[in-house]
Amino acid sequence: MDKVLIADDEPGALKALKYLLDWESYGFTIAGEAANGREALDLLKDGDYALLVTDIRMPGIGGLDLIREVRSFSGIPILVMSGFGEFEYVKAGLRYGIKDYLLKPVTEEDMDRVLRDVREDLARERTLHRQLYHGMQAMRNQALRKWASGAMRAKDAEERFRLLELGLDPNRHAVCCLLAEMDFMDESDVSLTDAEIQIRRFAVLNIMEDVVGSGGYVFEQSEERYGVLLCGGRDGLNGEDALAAADALRSQVSRYAGVSVTIGIGDVVWPASQVARSYAVAERMLDRKFFAGQNAVIRSGSFDEEAADGGEADVRELQPLLDAVTAGDELQVHLCLKRQMERFAAGGRTPAQVRAFMLELLVLLFHLLMKEGHRPDRLFKTDPNDYKSLLEAKTIAQSFAYAERMCVEAIALRTASRPPKPVTTVQAVKDIVAAEFGSTAISLKAIAEQIYMNPAYLGQLFKTSEGVSFNDYLLRVRMEKAKELLRRTDKKAFEVATDVGYRELDWFYKKFKAYTGLSTGEYRSAQDR
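Position 445 of the sequence shown, counting from 1, maps to 616 under this note's numbering, and the rest follow consecutively.
Heads up, a few of these hints could be off.
[Claimed, not checked] Below, in silico cross-link-like pairs of lysine-lysine (DSBU-like), each with a Cα-Cα straight-line distance of 35 angstroms or less:
#1 K652 to K682
#2 K460 to K634
#3 K684 to K663
#4 K654 to K684
#5 K601 to K634
#6 K616 to K654
#7 K682 to K662
[Stated by the list, open to error] Pair ranges (Cβ atoms, derived):
#8 T611 to T635: 25 to 31 angstroms
#9 A572 to G499: 18 to 24 angstroms
#10 E543 to A572: 23 to 29 angstroms
#11 R343 to I603: 52 to 58 angstroms
#12 E367 to E651: 41 to 47 angstroms
Keep in mind that the hints were calculated from the coordinates and are not lab data. Quantities reported herein were computed from a predicted structural model and do not represent experimental measurements. We put the beta carbon where it would ideally sit given N, CA and C, even for glycine.
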């Protein structure tokens, strides 16, 4: 309810106005009463009122002086009550933007008209405020994302930050970029609809903003990821601060939202105009999620990758090797790896540098397969000890033999898997749903395994084709089948729930009521009439 303050020096007038009509039916409640302008001013400054109703003639500070004072600090709607001989006062009040005036004695019809107008004005104002707020938030989010990823020049960033009232100086602050990926987004949880996913995302965002507080900014990087920019003075932000912040984010999101997140930590950079370098490192760290697992904080050194100077040049040598994999040329793969091993051996590279090179190769192979719609886990999870054997390799020859085997297997996987035809693939998914919707084990991930595709890619393909997510489509199939069973059979509700894939009856009831607007009993009764 919006609070109303009434100011009138006549107790009878105050009482009459209070009981003239049902204020709450208009969305208002009379929360304050004042016998003069001074009392009204004190109440207005201490309370959050949405409407002021005042008499024009009062002792001490009168209605006109009250309006003038109020307008110095508030734009609250003001309704003036006056007698027949006070119109000059009313005209003066109009100059201060009063909402309306009513002649005493005030009638129910007059008050009804004015309160409806005020209610509509307040609703429009709040809608506009929400639109402006969300518009500003969207612009801030876009500016931070573009700047962090290197898509905005430092000069443009300075101007944009000033306009958006972001207290971030690219030339003065130090920053560290974190990227947090919500793990449930790649699990294809069949029980979550699009709306429920958005609620989880919103909860994660709110908690992250609370944890970061005034120490930085949170922005949306993608559907699955949020970015965090930690800010500080040149000597006021270091790697341990970033690690502590990442640990706090991970634990608080898990505790209060029930969601696990994996966080990649970038380098601390100064000045902040070098933020793209920190962002790139955070992305590279988060790429290691495949190997580190979910609900982890990953930073440089997590994989024994602290290579000495020259490591980056070695990583660039991976491009010819990737080209050979893409071309399906096993001989060229062998030659590229042979040359690289000889360079490493001749240059006296450490085991840590060799492992860093191998890890980068695995990540790039992973992305190559993902991009083409293949399922990388068919390559990387064939043997649980594979990755361990790479880390524990005793010789450089063992490491490179492992790398060659992975490249050759990637070629074989690409050769065996032709790019899927979207229509055929989506129809295959729909056919499986039609046959298996009654199974509690059905999920996008399970179907992806059946048709040898990456779950995330398959989910995008399905939504593009059908206009709804896989989870919402499965829900629709199950609910329509449940309606059919309730219409055409005498099965009990728990039997119907089991038939359409629900183990828990309460969860089925909730979904059915949300889908149809009726309980199962109400639906069946409506069909019997």
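Results of checking the hints against the structure:
no. : hint                             : result
1   : K652 to K682                     : 13 angstroms, holds
2   : K460 to K634                     : 25 angstroms, holds
3   : K684 to K663                     : 16 angstroms, holds
4   : K654 to K684                     : 11 angstroms, holds
5   : K601 to K634                     : 12 angstroms, holds
6   : K616 to K654                     : 27 angstroms, holds
7   : K682 to K662                     : 18 angstroms, holds
8   : T611 to T635: 25 to 31 angstroms : 27 angstroms, holds
9   : A572 to G499: 18 to 24 angstroms : 20 angstroms, holds
10  : E543 to A572: 23 to 29 angstroms : 25 angstroms, holds
11  : R343 to I603: 52 to 58 angstroms : 57 angstroms, holds
12  : E367 to E651: 41 to 47 angstroms : 20 angstroms, violated
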